[in-house]
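Residue numbers (my numbering), protein chains in the order written: chain B, 1 to 241; chain A, 242 to 482; chain C, 483 to 723; chain F, 724 to 964.
Just so you know, these hints were derived from the structure itself, not from any lab.
One or more of the hints may lead you astray.
Here are the simulated lysine to any residue pairs, SDA-like style, with alpha carbons at most 25 Å apart [to be verified]: (1) F:939 <-> C:620; (2) B:26 <-> C:677; (3) F:749 <-> B:227; (4) C:508 <-> B:163; (5) A:267 <-> C:509; (6) F:749 <-> B:163; (7) B:163 <-> A:448; (8) F:939 <-> C:677; (9) C:596 <-> B:234; (10) B:114 <-> C:686; (11) B:114 <-> A:451; (12) C:508 <-> C:495; (13) C:640 <-> C:686; (14) B:114 <-> A:442; (15) F:749 <-> A:266.
From the derived model, a few chain B residues whose C-beta atoms are all more than 10 Å from chain A [claimed, not checked]: (16) 51; (17) 53; (18) 77; (19) 112; (20) 129; (21) 172; (22) 208.
Quick look at which bits of chain B chain A covers, simulated, 3 or more residues with Cβ under 8 Å [as the list claims (entries may be wrong)]: (23) 137-149; (24) 165-171.
Glycine included, each C-beta is placed from N, C-alpha and C at the ideal position.
So you can see what is in the structure, the chains are spelled out below.
There are 4 protein chains.
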Amino acid sequence: MAQSVPAVDPALLDDLVAANRILYGKNIVDGLGHVSVRHDKNPNLYVLAAERAPGLVTREDLAIYDLDSNAQTLRERRPYNERFIHGEIYRMRPDVHSVVHCHTPSLVTFCVCKCDLRPLYHMSGFLGRGVSRFEIRECAGMTDMLVSSPPLGVALAKSLGDKQIVLMRGHGATMAGQSVKHAVYRAIYAALNASMQMDAMRMGEVTYLSDEEAMKGMEINDRFIDRSWALWKHEAMGPKQ
Amino acid sequence: MAQSVPAVDPALLDDLVAANRILYGKNIVDGLGHVSVRHDKNPNLYVLAAERAPGLVTREDLAIYDLDSNAQTLRERRPYNERFIHGEIYRMRPDVHSVVHCHTPSLVTFCVCKCDLRPLYHMSGFLGRGVSRFEIRECAGMTDMLVSSPPLGVALAKSLGDKQIVLMRGHGATMAGQSVKHAVYRAIYAALNASMQMDAMRMGEVTYLSDEEAMKGMEINDRFIDRSWALWKHEAMGPKQ
Amino acid sequence: MAQSVPAVDPALLDDLVAANRILYGKNIVDGLGHVSVRHDKNPNLYVLAAERAPGLVTREDLAIYDLDSNAQTLRERRPYNERFIHGEIYRMRPDVHSVVHCHTPSLVTFCVCKCDLRPLYHMSGFLGRGVSRFEIRECAGMTDMLVSSPPLGVALAKSLGDKQIVLMRGHGATMAGQSVKHAVYRAIYAALNASMQMDAMRMGEVTYLSDEEAMKGMEINDRFIDRSWALWKHEAMGPKQ
Amino acid sequence: MAQSVPAVDPALLDDLVAANRILYGKNIVDGLGHVSVRHDKNPNLYVLAAERAPGLVTREDLAIYDLDSNAQTLRERRPYNERFIHGEIYRMRPDVHSVVHCHTPSLVTFCVCKCDLRPLYHMSGFLGRGVSRFEIRECAGMTDMLVSSPPLGVALAKSLGDKQIVLMRGHGATMAGQSVKHAVYRAIYAALNASMQMDAMRMGEVTYLSDEEAMKGMEINDRFIDRSWALWKHEAMGPKQ
């Protein structure tokens with residue numbers, strides 16, 4: 001109920017609106033796709049827009065959900081069908097504070113092929129921790145491909161496991177991060193790595209980052225996200241925001 | 242005659258203008274290409290711009306045609322040479338209420354090759370109903386490739402059959418939909434699927450949607466078009482329209 | 483001398499400025515490249531900007547040259563080094579009234595490979611008349627690749643022959659047209675055809691337009707250039723011009 | 724110390740700000756990457772922005788460093804971790820007056836593959852002097868890939884040798900030039916050449932520039948950079964700057 005829901009840090013809401021706009025501006029999401037953040041005061045709640053294209057989301061569209069993905073606020077609005085992706089990952093992964101779900105073309109291409117998505121450079125070192133795959137046929141047979149129920153959300157979260165990203169066959173991808181900035185960063189650089197890797201694989205043998213390079217690359221880049229974020233937010237929201 | 246033509250729902254005209262601008266903004270059409278809608282009060286009429294680049298079309302450019310593709314209004318303007326594509330599809334397919342014709346690069350590429358265009362993900366599930374092909378040589382020999390006469394329009398409509406899309410060799414593609422929004426959606430996602438499929442095919446074996454997944458994906462996405470449409474219209478026409 | 487040079491039709495100058503901006507907006511030229519038009523009152527003169535990036539060219543930058551490519555006006559400005567491309571084609575080809583020279587990436591790719599550039603669809607039917615190749619080594623050995631002298635201009639014009647386009651190895655391409663609009667159109671659609679053809683060739687056997695289809699396609703499209711031109715000019719110069 | 728640092732030519736600072744914005748606008752750098760210029764009055768100093776995304780850099784962000792990459796001004800700001808790239812190249816290469824470091828996708832692709840980056844056309848003739856490669860494993864084993872210490876900067880500068888560009892495995896590229904304009908030009912055309920070369924290599928045998936053509940092409944294009952620069956600066960900084 002709304003009265004029991006603590007107020008979210010306004011800076012976090014601003015970041016979530018910016019994340020929606022950034023992901024759209026970078027062609028990570030189109031009319032569909034979504035990004036959420038775990039509530040900063042109650043880990044059993046998360047913030048996600050009601051059903052709307054990410055490129056149009058404002059603070060007024062942001063609703064609060066519990067981990068069963070029941071809306072605690074903004075109940076008069078229709079929620080995203082696939083909100084269970086977010087709720088079930090937050091339930092299974094206490095370290096995750098933000099989730100992005102998207103249908104980015106370069107990632108969809110990897111979703112339907114057997115090639116592994118692997119880190120080409122330090123910017124996508126997070127891929128070195130491994131990239132999970134989710135085959136919805138294994139848990140639900142022939143479906144409309146959407147993760148639109150709690151059991152499907154659980155199955156997806158299990159597929160993600162302890163990784164940062166899961167490729168969903170015939171659908172798209174889902175990324176997890178320790179903050180909105182990290183989840184957005186991973187979506188952008190996973191897509192860019194996928195695009196470069198397709199080119200590289202056509203040129204012969206490819207030298208990927210070693211596991212150690214990937215881990216160290218991820219650690220250093222995770223500390224410099226603010227530099228990129230300042231640019232992205234400036235572009236998506238204008239100089240004043 | 243103009244006096245016998247009932248007024249078209251203004252919201253439909255607005256959608257048709259937006260469709261022209263959206264298709265241009267998404268690089269589905271360039272200076273050429275067109276989109277039409279069946280008249281909401283008389284199924285034997287349809288609305289299509291007089292000859293003009295889609296990116297410049299306004300409500301003042303919209304004319305009404307009968308199914309023989311004779312202009313009922315705006316007769317002082319030159320009509321599109323290929324308006325028969327629209328008229329003959331509306332005549333043969335009562336379920337179709339909007340038609341897009343385009344020369345989108347990723348689709349032209351499939352038009353001149355033998356690979357089947359197949360659905361990679363739920364967003365293009367409509368491709369699972371099959372993609373027709375039109376070879377103008379079969380009905381008319383060596384031509385300028387344009388569907389610029391009633392018999393050619395009939396031949397194209399027959400090629401389309403009960404499908405949602407027909408690839409026209411050496412020319413482009415034509416999509417049909419139950420509404421302007423659906424036809425525009427199909428044009429956008431057919432082109433995107435074609436582009437991704439070219440990448441995927443270079444990476445080895447591809448897992449396409451099964452027929453059942455495609456059908457279910459189409460059904461669910463057909464119900465969520467308004468989410469994308471709101472974004473597209475906002476971008477193409479500005480926040481006020 | 484300036485006093486003997488008749489005034490050029492202002493509409494032609496406007497079109498030439500627009501052509502510069504359109505070619506830049508469409509990524510056909512970058513900081514380099516140029517477009518000219520034959521003088522409408524004296525076929526032994528042509529109009530070409532003094533040295534400046536096409537994207538910045540205004541009417542004040544337009545100079546008049548004779549067919550030896552000596553400036554007749556605006557002599558205080560430095561001319562393009564490669565103006566001889568224009569002068570020598572105008573001398574050898576009375577049917578040509580406009581010339582575009584560019585380094586467009588998709589065309590440069592064909593320039594350095596052995597694959598023929600062939601028409602995939604009616605929009606590029608003009609390629610069916612054949613695409614010439616210019617190998618500067620054959621007439622001048624090891625050079626800086628530029629057509630920066632009258633003899634090199636003559637050699638290039640001879641390579642073009644009676645075609646509409648010549649691919650220059652290690653350099654770029656030059657297109658000829660019966661008007662500014664036609665030359666610009668050919669540059670845009672040659673580049674687009676090149677890009678699509680690269681994709682198509684990777685997908686197996688390609689069905690190109692037959693010679694007759696190409697010729698008929700060219701004839702019909704040459705008559706509809708105004709539709710595209712209105713759009714391109716609107717975009718490049720704003721709604722008022 | 725600040726009092727011993729001579730003032731930099733304001734035009735040079737303007738160019739450096741423009742270079743940051745141009746490189747961002749051309750997708751050579753993203754949130755990361757940087758560009759520097761050697762001090763015009765003291766060759767043992769150079770100018771580089773403090774830590775900030777290049778697309779946001781203003782004159783207020785520009786700091787002065789000595790060749791050990793210690794900040795001489797703006798010490799309250801955090802410097803780029805990889806400033807040693809700049810300092811050590813300036814120390815080893817007196818002819819170099821500007822350095823660009825970037826993670827451009829088409830160049831990263833070449834970095835992780837074994838194909839040589841070679842000049843396809845005169846615009847990238849500078850590649851004919853050779854393209855170095857830097858494998859950080861050879862001097863430092865498994866790292867986070869960053870050139871974030873003086874010894875790594877020395878190793879990179881040694882890899883660059885007397886070339887204009889070095890490809891850094893799993894990381895990006897670094898370009899050197901005799902001026903800011905030349906370094907920016909090389910970054911832009913190295914990336915464009917890489918992209919075209921990937922396409923060309925898929926089409927069969929490629930004719931690259933000969934060494935002599937490349938050298939002559941570089942010489943002529945080095946003299947015409949102002950034409951492109953005027954366009955780039957206009958686009959990046961607006962018509963007034």
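**Structure-inconsistent hints, enumerated in ascending order** = 4, 6, 8, 9, 13, 16, 17, 19, 21
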